[in-house]
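Protein chains in written order, with our numbering: chain A, 1 to 156; chain B, 157 to 452.
Bear in mind the hints are in silico, worked out from the structure with no lab data behind them. This one's a predicted model, so the numbers in the text were calculated from it and none came from an experiment. Heads up, some of the hints might be wrong.
Claimed, not checked - No more than 25 Å apart at the CA atoms, straight line, and that leaves these computed lysine-lysine pairs for DSS-like:
1) B:Lys274 / A:Lys38
2) B:Lys343 / A:Lys38
3) A:Lys23 / B:Lys343
4) B:Lys343 / A:Lys37
To be verified - Quick partial rundown of chain B residues pointing at chain A, CB under 8 Å, derived from the structure:
5) Arg186
6) Met223
7) Ala224
8) Ala279
9) Asp322
Glycine residues also receive a C-beta, built at the ideal position from the N, C-alpha and C atoms.
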Amino acid sequence: MNFNATLIGQSITFIFFVWFCMKYVWPPIMSALETRKKLIADGLAAADRGKHELELAAKKAGDNMREAKATAAEVIVQAEKRAAQMVEEAKTAAKEEGERQLAAAQANIAQETNRARESLREQVAALAVAGAEKILRREVNAQTHADLLGQLKAEL
Amino acid sequence: MATEYASSGEYIKHHLQNLTLGKLPEGYERHDHHGNVEVLSESTLTFAHNAQEAKDMGFWAVNVDSMAFSIGLGILFLFLFRMAARKASTGVPAGLQNFVEWVIEFIDTSVRGSFSHKNPLVAPLALTVFMWVFLMNLMDLVPVDWLPLAGSMVGLPFLKVVPSTDPNVTFGLSLSIFVLVLFYSIKMKGAGGFFSELAFQPFPKFMFPINLLLEGVGLIAKPLSLSLRLFGNMYAGEMIFILIALMFGGSWILGLFGGVLQWAWAVFHILIITLQAFIFMTLTIVYLDMAHSEHH
């Protein structure tokens, strides 16, 4: 073992290497490691959050579905009820209309009957007058006996 | 390969000698293998040709191989990590970035586990210590003769390829860390606080000389044990590789046995080099943590 200036040279070299390492090697690698660590942690947290949100969404979707089904069933029931009601109403309306038309027809018939009777009465009167004329020929003056005829007509 | 050397002792010595560049004084007598003596007419900057010359160069000499390999490995480490750092993104990492992030996470976990204060220096320091020491130790797995042989082909008399078997390297690391420990001790506790920690415990205040001695030894032991542990482990490991390599100079049966042994020791050594790098790093963190903490 003999010591010489190599000792000093080594120390200087060592100090230089440590300085270089401290300045240009350690910080960039360490910061890259730290950043990556953070990135991974963030990614995992985000994944967890996403999973949780997915669960919530699935639950919500299920709820919505159930609600929609319930609503749909209710709507169907109501629609059926309404349809029955409408049919019922239509039936009633048809019946009423039928009755109304029947009544109108009957009224019409009655009116026609009256009118026919009236004209028949007139014709009978005319016929009676004509018959009487034929029987009496000269004696009877239509003019003078119009009052009598009218009275007769009213009695028929 | 060992046959090129006069004795196995010389082979081992050769492998344990650093390539030292330094100044030999005027009038220095250089002895070569053949016993010839050359007297230097003026002080010369040269590579040491043997251990004695390296010693005679005194303190102002440099182990060129240790410096070159350690700096090269350090640059390799910083280059790889810098590349990953530049491409660092928050996306899915691949290839090199994956590896680098794995190492950084490992260091970060260790630092968080052992260091309970806030200091932006400690984690990069730990990373540098771990990776650099690991790479230097890793050179131990290169077969002991390859690189020295290549070196001798380009005229280098010695080449010690594992920087962490050079105490200069391990002490260079541990003393730098020791300076940091002292700096943060004084910065966090104040000079008085640091002194009282050394002088007024574990015994009552009036026994402060004994306290000072005990705590002083404990303090000095930190860098000493840190560097000697790494050096000792690597040196011993390298020595065993060298001893195994000696077998390749014997008969083919011995050589075959040596090959098996080398493989087995190398596999085992993978554990040791990683462990030593880890221990060095962990103790660095712990010492710095102690420097930041009030009384333990």
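Practice problem: If any of the earlier hints don't hold here, list their numbers in rising order. | Solution: 2, 4, 5 and 7
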